[in-house]
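As you go down the protein sequences, you meet chains V and S in turn.
For the record, in the first sequence the residue sitting at position 229 is 229 according to the working numbering, with numbers rising by one throughout.
For the record, in the second sequence the residue sitting at position 478 is 1478 according to the working numbering, with numbers rising by one throughout.
Wrong hints could be hidden among the right ones.
[Unchecked claim] Derived, one-sided and incomplete: chain S residues facing chain V with beta-carbon distance under 7 Å: (1) 1089; (2) 1276; (3) 1277; (4) 1351; (5) 1367; (6) 1469; (7) 1471; (8) 1472; (9) 1476; (10) 1586; (11) 1589; (12) 1593; (13) 1598; (14) 1601.
No lab work stands behind these hints, which were simulated from the structure alone.
From the three backbone atoms N, C-alpha and C, an ideal C-beta is built for every residue, glycine too.
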Amino acid sequence: MKKEMITLTIDGKEVTVEKGTTVLEAARKINIDIPTLCYLKEINEVGNCRMCLVEIEGVKGFKASCVYPAEDGMVVRTNTKELLDTKRTILELLLSSHEKKCLTCVRSTNCRLQDLSRRFGIEDLEYEGEMPKSDFDDSSDCIVRNTAKCILCRRCVNVCKKVQGVAAINTLNRGFNSKIGVALNMGIRQSTCVGCGQCVINCPVGALTEKSNIKELKEALADPKKHVVIQTAPAVRATIGEEFGLPIGTLVQGKMVAALRKLGFDKVFDTDLGADVTIMEEATEFIERLSENRNLPMITSCSSGWITFAEKFYPESLEHLSTTKSPMEILGTLIKTYYAKKEKIDPKDIYSVALMPCSAKKAEIVRDELKLEGGLQAVDCVVTTREMARMLKEANIDLASLEDEEYDAPLGIATGAGHIFGTTGGVMEAALRSVSYLLDGIEIKEVEFKNLRGSKGIKEAEIEIKGKKHKIAISQGLANASKLLDEIKAGTSPYSFIEIMTCPGGCINGGGQPIVNEFKKSQIDVLGLRAKALYQADKKAKYRKSHENPEVKVLYKEFLDKPNSKKAHKILHTHYNKQEVYAESEQK
Amino acid sequence: MDIKELNKIKEKYSDVLKKKRIMVCSGTGCTSSKSDVLLANLKKEVKAANKADILVEKTGCFGFCAKGPIVVIDPDEIFYEMVKPDDAADIVKSVIDKKPLERLLAKEQDKLVKKWHELNFYNKQKRIALKNCGTINPEKIEEYIAVDGYQALYKALNMSRDEVIEEISLSGLRGRGGAGFPTGKKWLFTKNSENKEKYVCCNADEGDPGAFMDRSILEGDPHSVIEAMAIAAYAVGAEQGYIYVRAEYPIAVERLTIAIKQAKEKGLLGKNIFGKGLNFELELRLGAGAFVCGEETALMNSIEGKRGEPRPRPPFPAVKGLFERPTLLNNVETYANVPKIILNGGKWYQSIGTKNSKGTKVFALGGNINNVGLVEVPMGTTLREIVYDIGGGVPGGKRFKAAQTGGPSGGCIPAKYLDTPIDYESLSEIGSMMGSGGLIVMDESKCMVNLAKFFLEFTVDESCGKCPPCRIGTKRMLEILTRITEGKGKEGDIEKLERLAENIKKASLCGLGQTAPNPVLSTIKYFRDEYEAHIKEKRCPAGECKALTQVHIDPEKCKQCGICAKNCPVGAIDGEVRKGPFKINQDKCIKCGICITKCPFKAISK
């Protein structure tokens, strides 16, 4: 059906949009950036920050353009003196109750409130007075909440609720003492929070940040007794360049390796090799389950926010999760076993670091289920893309200007299949490239599964294994995962294999990734560009199927025997347990 | 239930209403003065006297709350005021003896007044919404039926839906919750919204400080609201209704619960009402006491179980309201007028009131006024008539200074506008608003800066916190007002208040924030000199702001008796009897004013 089109005038300029478009979206079509602090398309359309007010001819009072539907013939003004005066007052009021420690704020220069204060030329604090009571909640391993900086835009609340279906936080209290927090004032650790960090990357100010592990990492790097190795997740190579001024979607794998080496890491390994091993294990596991018709559909287990989600929300469905460890944990395990043995280093002397696009990974590494022999952690420290960028800048390392370098052996060769783990659909695509080979040695010719790509919340496809058709599904954003899990619970799931990514878009949009402001995101397809970079890496790769990875072949030959062997099971697989939420005993 | 059955009940109970009945006010005010004990005592006494023909009934609010508890002996309408539980025996005796009990009668200009409608307080009133309050027992549906109850519903069901809405439109009825939106239009919009599921809601979340119009209607005549909602449901095409009522109104909740149960039992709610095909179910939803939940979208959020805070409009409730379905929402008083309009015709209702404001309005009269209570007057009645003729003027011979209408959303009306006819338009012209009906009178001892501060304290407490202008802006305004009343006001504070007020009004998401600055703006408008005296001279002209007030003993008038010092609760008065004038130690003085009232020689003043 053809959509009805309407034409309106905004600041003297005509624009034609589909009926039902908001005034704000219509304005954006003609590059008018009506300021807003709370708006997130389709997620947080609540009209509460009041910065997007406009004047509409014939309509009484100012209207919030983010929720006001455009109408044919409407005449809108966004910049009259009266409007700007009112908005200035709103900003002044927000500043009067905001912890103005901008110089020491991690979001300084990438803060929407700071940005608007500059835009409105606010040079004096007109209003001063009592500050609202605030919370500082660092109970989680993943994120830190400082409500003294919160402007109550509620993006975090609605991203957590609508996109992730987690609803760990909500608005508490009333009026001036309203704050975002966890039910019963508990710490975020006790809540349903899965640590994904979607709240962090959507926070317009510095009220939500990742739990920083920079300090520990610096200590380790400076410790001559420690052998410090780092692995880099698939998605980071597609994003870390942004922090150094490179265009969104610039692939910087070689520069990143060079920068990390400069920072002092003894070895720089690639998590993507871990991803290749994951495929060997997981695809084999899938074939096994399929032949035994056991615990189907099988669900991927590499996204750690999803694991926590399953343990907190769907404990009765945990048997559907693949027992294969995540690529990070696989590589971490191999570093402290295979690599340590090979290089004759005592695993206790290895400090294993992971550069991740993710805040949830910070909680994954301390899981008891993942401890190695002797209680060692496979990964000792996780830093996010943003944290690493800060460390490099502090150390005067300009990633953008470095010459490309290669990863270290023996855990530094990866395939294109490993690279695309960083985007939604990538794990499934990588698995499908290897399933038929692992099943009966048949190499597929067409390696690109275009129907598994893209931004749709739940993608479906059909594959043929041994002449039998199987339905598969790929979901991004945990609210979508819930839909698939509910089907499983109800016994109506039509699928055999499901890929679940915690974050919308997958790891390229992880909670640890560079923060792009909402307006820029509305103008540029940030996730599309980042995904494209990974698909390019895949295209350029010498090997595109996990089972072709020569290092992986050596690994199995020398160390693991074969996929799902006894040894592989012992060190590369794990199990899951129900996690209690809102347990009184743990109350902060 | 068909119309024959209804009329049968009507006939039977019309006779009951004509019997000797002792009607005891059982509204919240009188109940808190033990009218419930009185009621029990009366029943005991009647039983002891073995007089089964004397009926003792609870009834709704008579409105004259200053004189409560009130008892009226029907059918003679004998009015007893300030009745105590111990008066029960005498009352029953007087009824048996057919001799009014003089000591409980009201006195006006030294003359005893026997019947309630002869009191000045009722003289200029016209009770439409409150018609049944004080005349029937609200817990007996039969008594409501006896006074034409549910006849309007039957009549409406014999009209077309459009005809019903036309009648309401013709009446000129406007929303009594405060905004004054034409009720007929609201019904029409909801009717015209295409949807199989629609809702009819009643806003009984009365929250203005000092206002109790809706509570009294629900306590005294719950069926009028239920009947009106059924009529509305028919007109707009809804089958489910909700009454959103404050949990702090336990008596209203109880009476509503009883009334809904009785209406269901009689088939006046439920399936196929009067055999005319109308299905209508009604449920109560209790509010937790947030003022903002009186705002329509916040109310709907609350019914849905969400945080009580407003949603942006559009979409308007008539298009997308409760559970995203078209929803009609009117307040209690609006609904209470509906059955009367249907029965008597829109034309009749339209004949009462002013050009654009038809009918009557109920006000909760409070503050510095003799006859505190509930009054219902035709639109266009002047403030002077309400304050002096009905309200009995300002006590203690003090001067009328201003009246606040519209509660925390309204403004103050100074003495020069006493002759303004009260209707929607004229009140907003002078910077106030009709509001839901709170009317607080202030005498000359009231400081207007302090008054503004009082209302701001209320809105700061009640702001939901959703949008920054209201959440932070009202707080900053309160801080400025507080420092002014404490003598710490700065040059430019008035302008700062005005600028903040204007922008909060323009920028806030809902009516609460959009009107919160009104009390400040209107007091600045009419009493700017008081603000200036506080800021520039560090003086509170009304003598109410303690930090700015000093109590002095005039040494000329002081007879050195020492009574003041004896009565001072904090020992702030120094001096010895007959050894020279007494003196107040300003460091110790708490400005309580006891010495002023105790000095026999009027030597002490603020």
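Status of the hints after comparison with the structure:
| no. | hint | result |
| --- | --- | --- |
| 1 | 1089 | 50 Å, violated |
| 2 | 1276 | 38 Å, violated |
| 3 | 1277 | 36 Å, violated |
| 4 | 1351 | 31 Å, violated |
| 5 | 1367 | 26 Å, violated |
| 6 | 1469 | 6 Å, holds |
| 7 | 1471 | 6 Å, holds |
| 8 | 1472 | 4 Å, holds |
| 9 | 1476 | 5 Å, holds |
| 10 | 1586 | 29 Å, violated |
| 11 | 1589 | 29 Å, violated |
| 12 | 1593 | 31 Å, violated |
| 13 | 1598 | 39 Å, violated |
| 14 | 1601 | 46 Å, violated |
In the structure shown, a violation is registered for the earlier hints numbered 1, 2, 3, 4, 5, 10, 11, 12, 13, 14, in ascending order.
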